[in-house]
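As given, the protein sequences belong to chains P and C, one line each in that order. When the first sequence is numbered by numbering that gives the first Met the number 0, its final residue is 231 and no position is left out of the sequence of numbers. When the second sequence is numbered by numbering that gives the first Met the number 0, its final residue is 231 and no position is left out of the sequence of numbers.
Do not take every clue at face value.
[Claimed, not checked] No more than 25 Å apart at the CA atoms, straight line, and that leaves these computed lysine-lysine pairs for DSS-like: (1) Lys177/C - Lys167/P; (2) Lys26/P - Lys106/P; (3) Lys106/C - Lys188/C; (4) Lys177/P - Lys153/C; (5) Lys194/C - Lys215/C; (6) Lys89/C - Lys89/P; (7) Lys177/C - Lys89/P; (8) Lys194/P - Lys124/C; (9) Lys106/P - Lys215/C; (10) Lys106/P - Lys167/C; (11) Lys89/C - Lys215/P; (12) Lys188/P - Lys124/C; (13) Lys177/C - Lys188/P; (14) Lys194/P - Lys167/C; (15) Lys52/C - Lys156/P; (16) Lys188/P - Lys153/P; (17) Lys89/P - Lys167/C; (18) Lys89/P - Lys188/C; (19) Lys194/C - Lys188/P; (20) Lys188/P - Lys36/P.
In short, the hints are calculated from the structure, not lab data.
Number of protein chains: 2
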Amino acid sequence: MEQKHISSAFDNELSDLREKILAMGGKVERMIASSIKSLVERDTSLAELTIAKDHEVNADEVAIDERCLDILALRQPTAKDLRFITLALKIVTDLERIGDKCASIAKQVRTLNAEPSFTLNIDVKIPYMAQWAAMMVKESLDAFVNHDTDLAGKVCKDDAIMNELNDKFQLELLTYMKEYPDAIPRALKISYISKSLERISDHATNIAEIVIFMIKGKDVRHTASLCNNCAG
Amino acid sequence: MEQKHISSAFDNELSDLREKILAMGGKVERMIASSIKSLVERDTSLAELTIAKDHEVNADEVAIDERCLDILALRQPTAKDLRFITLALKIVTDLERIGDKCASIAKQVRTLNAEPSFTLNIDVKIPYMAQWAAMMVKESLDAFVNHDTDLAGKVCKDDAIMNELNDKFQLELLTYMKEYPDAIPRALKISYISKSLERISDHATNIAEIVIFMIKGKDVRHTASLCNNCAG
């Protein structure tokens, strides 16, 4: 009976940890959306809000790390539970860095909004990339919660699409810069934003790889089968 | 006696884990140097070697992760040892991503070396930045091994210098691109290399923050005192 009581308390702790990670994930998904909305709608106040939100995400990482350490010390979990907690430590690092990237995008937006608007058709392509990135983050966390390696595999494959979207857009920007050298400083900021969205998809891919590692109990990270497009 | 035997075996395991992390660190330091040497000396074979080395670093991360999980499961460490192992899990992620960045630099070098050489004075500034980045990686790992929070604090402060070096160099590149629009594609690759070195210094700073966390037992990450320059 006592054993059952401990086990149930432990289950609650794991479930609570899972909820905390999902809440942090939801927060960074919203940061992706708001950083890009602040660009398209030239809304500097929203950019400022996104920048401020990064502190919350940093605090979330610290709190979840401490929670993981507490559980490891008190419960000394083994097998699947040990794998879950130690890899949660890795996942939150990626989520925190997605938050960093959103704040960096919002900082670029803040300076862009103080300059003349950009004539290249950014209000379609950049939001489209942002939707992909946010979807990949969501799906990587869904895969984490539902122990769904198929979905995690899909995220790894979607990373190739994001790389292609970014590559094509960078080429367009390059042509634009050659034609309008005066617009180079603004074009470089847009280029940075596009690359940041691509980096966010890399983080989602890292999370997906970690999920596969956690479930399959062996490491498929950095191998060719799922993730040809993960490196650098 | 039996207890002492176990304790000594455990100490050896921890010491072996530390050595493995240092060896991985040494590998990525050499990758930083070789990626930049391949740029300055236009040595495409060396760039290829650097790209190939990334697979080794990826394998190192996987092996160290598995080692950490084994130790956690078998030894169920507490307090300082628990903190050491769980945070080793985080440190190797940063080392692996430094390896990724070096491989990405070498890929840019490979295409740059197939084009006419670049007239802007890159053979002084880029190697200087690379030396800073490599030094920061080394010092962050020295801080880890020697439990040296002062050195870890120095790494966090050095990050500001790297950011400044990169910002100044990006401005120079911007002026250059305006003047020579035909050189924009090559200039953008150099710009990417400079930013990658700056990103490597961010990873060293992340390691330094984790070391401080490990030693002080409370989280100073993402706080203003040491690391104003860590975000995004």
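Notebook entry, point to check: Which hint numbers does the structure go against, in order from smallest to largest?
Noted result: 4, 5, 7, 9, 16, 17, 18
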